[in-house]
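Participant: Fit chain H to the known structure of chain R by using the hints.
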Amino acid sequence: MPADADIFETLRQELRRGTLILAVLAQLQVERYGYSLRQALAEVGLEIDEGALYPMLRRLESQGLLTSEWREEDKRRKRFYRLSLEGEAVLARLSAEWRAMNDTLQNLIR
Amino acid sequence: MDLLDRYLAAVAALLPKAQREDIVAELRDILLNRLEEKESELGRPLDAREREAVLRAFGHPIAVAGRYGASHTLIGPKLYPFYMFAVKGLLIVAAAVTAIPLAISVIIGGEDPAGGLAHFLSGFLTTAMTLIGAATIVAAGIERGWIPLGDLLDWKVADLPRLGGPARKTKTRFEAAFELGVLLLFIVWWTGLVGAPWSPVVGQHGVFLAAAPIWTTLHLPILALAVLQAIACLATLVRPDAVRARALLEIVSDLGGLGLIAVLWSAGRLFTVVPSGAAGAKAADVAGLQAALDLSFHITVGVMAVVFLSKLAVGVWRLARGAPVIA
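Protein sequences, first through last, are from chains R and H.
In terms of numbering that gives the first Met the number 0, the first sequence has 21 at position 22, counting the first letter as 1, and numbering is strictly consecutive.
In terms of numbering that gives the first Met the number 0, the second sequence has 29 at position 30, counting the first letter as 1, and numbering is strictly consecutive.
Only chain R is shown next, with the shape it has when bound in the complex (with noise of 0.2 Å):
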């Protein structure tokens, strides 16, 4: 039986999960390259495992809600990551959903 600790780091990552996605979204309004996101989610909090980000970028690139370009900067290539047209709709609309859900929630766990 699991102990306790790994029941809450699984809920906790559960949780997290798709919130990610949501943050991955709103951080790409502004172009930026897979290791600056990293920097720039950890800034605000949010650690997010390289290993997680990348594969995530891709699906969302694949699903059309990102485009990306290769550029070369500080004399490496690097891939640059920005919100398609679509993507900007859909993150409009799991904004507006997730303060829904946060509005409910705070009341529930008030």
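It should be emphasised that the hints constitute simulated quantities derived from the structure, not laboratory data.
Careful, some of the hints might be misleading.
[Claimed, not checked] A short, non-exhaustive set of chain R residues, derived as facing chain H with CB atoms under 10 Å:
#, residue
1, A4
2, G33
3, Y34
4, E49
5, A51
6, P54
7, L56
8, K77
[As the list claims (entries may be wrong)] Per the computed footprint, the stretches of chain H lying under chain R, defined by three or more beta-carbons under 8 Å from a beta-carbon of chain R, are:
#, stretch
9, 23 to 31
10, 54 to 66
[Said to hold, decoys possible] Over the 12 Å line for every Cβ pair with chain R, so calculated as not near, a few chain H residues:
#, residue
11, A12
12, L45
13, G115
14, V237
15, S265
16, L318
Small disclaimer: the values here were computed from a predicted structure and weren't measured.
The C-beta atom is built at its ideal place from N, Cα and C for all residues, glycine as well.
Facilitator: Then chain H, alone, in the frame of chain R:
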């Protein structure tokens, strides 16, 4: 070659060809950033051991490449309960197909019970692992959309077992799928792909069991009946709404079954216990065993006749009613 190149080459080998170059270029950038981050943290260039530690912390190449795969689960959570249900059913089938021939062998003295148990365990493990392996391949194929299910998993609440009432009179699609699987196994066995069914079962303690000539005569009719029943099951799976057509198929197949039962009943002895060689069993033992066998096969044939008659009655009723039973 630099450690980073070796690491990336190991990941690249496991990536889909179309995306390989792109993903590796991105991973190279990520890892170079990590290495630089570590260098600025320590204020000096990294030595080989520290570079290796950074790469190691990023993950094993198999795990890293796996994150970019299209699917991370062999069988997803939606399909998994059905897969587990099928596996449990297959374990029962594996136990039955292993135990029945062994039990016959023990009864006629070809196998001592201790040796029989060892053979059962070994045979059961092989059969169970083969069936579970096949089920896993099928489930993984379904999960990836290689095997389309269509509306096969459609179900009706009315198909669920009734509580406390009389037994349900119609076959569910799951039952039809299970029956179809068993029938296909039977057909493969009956057609001789897994040994001819009328081959004598040889014992080691002075007797063997010889099938009566009637089995050779009925070989093709039994095969035809099995094929007909398989078609009826397939019809239940594919066209559950065609109640009358399905009922008609089942009536024809039940009539065929009754005909076969009648021929088997009139044939009398279905298997003969024959003493083998000089070490043959005593005549009294052979006669006793033969009498027990005759009785058990006649009881079996009788029970089968009752089953076919009941199915026939249900089929006629459904043909007349023309609609599925809603309990």
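Participant: Hint by hint, say whether it matches the structure.
Facilitator: Okay, the hints, checked on the actual structure:
| no. | hint | verdict |
| --- | --- | --- |
| 1 | A4 | violated, 22 Å |
| 2 | G33 | holds, 6 Å |
| 3 | Y34 | holds, 4 Å |
| 4 | E49 | holds, 6 Å |
| 5 | A51 | holds, 7 Å |
| 6 | P54 | holds, 4 Å |
| 7 | L56 | holds, 9 Å |
| 8 | K77 | holds, 5 Å |
| 9 | 23 to 31 | holds (count 6) |
| 10 | 54 to 66 | holds (count 5) |
| 11 | A12 | holds, 18 Å |
| 12 | L45 | holds, 17 Å |
| 13 | G115 | holds, 40 Å |
| 14 | V237 | holds, 35 Å |
| 15 | S265 | holds, 63 Å |
| 16 | L318 | holds, 52 Å |
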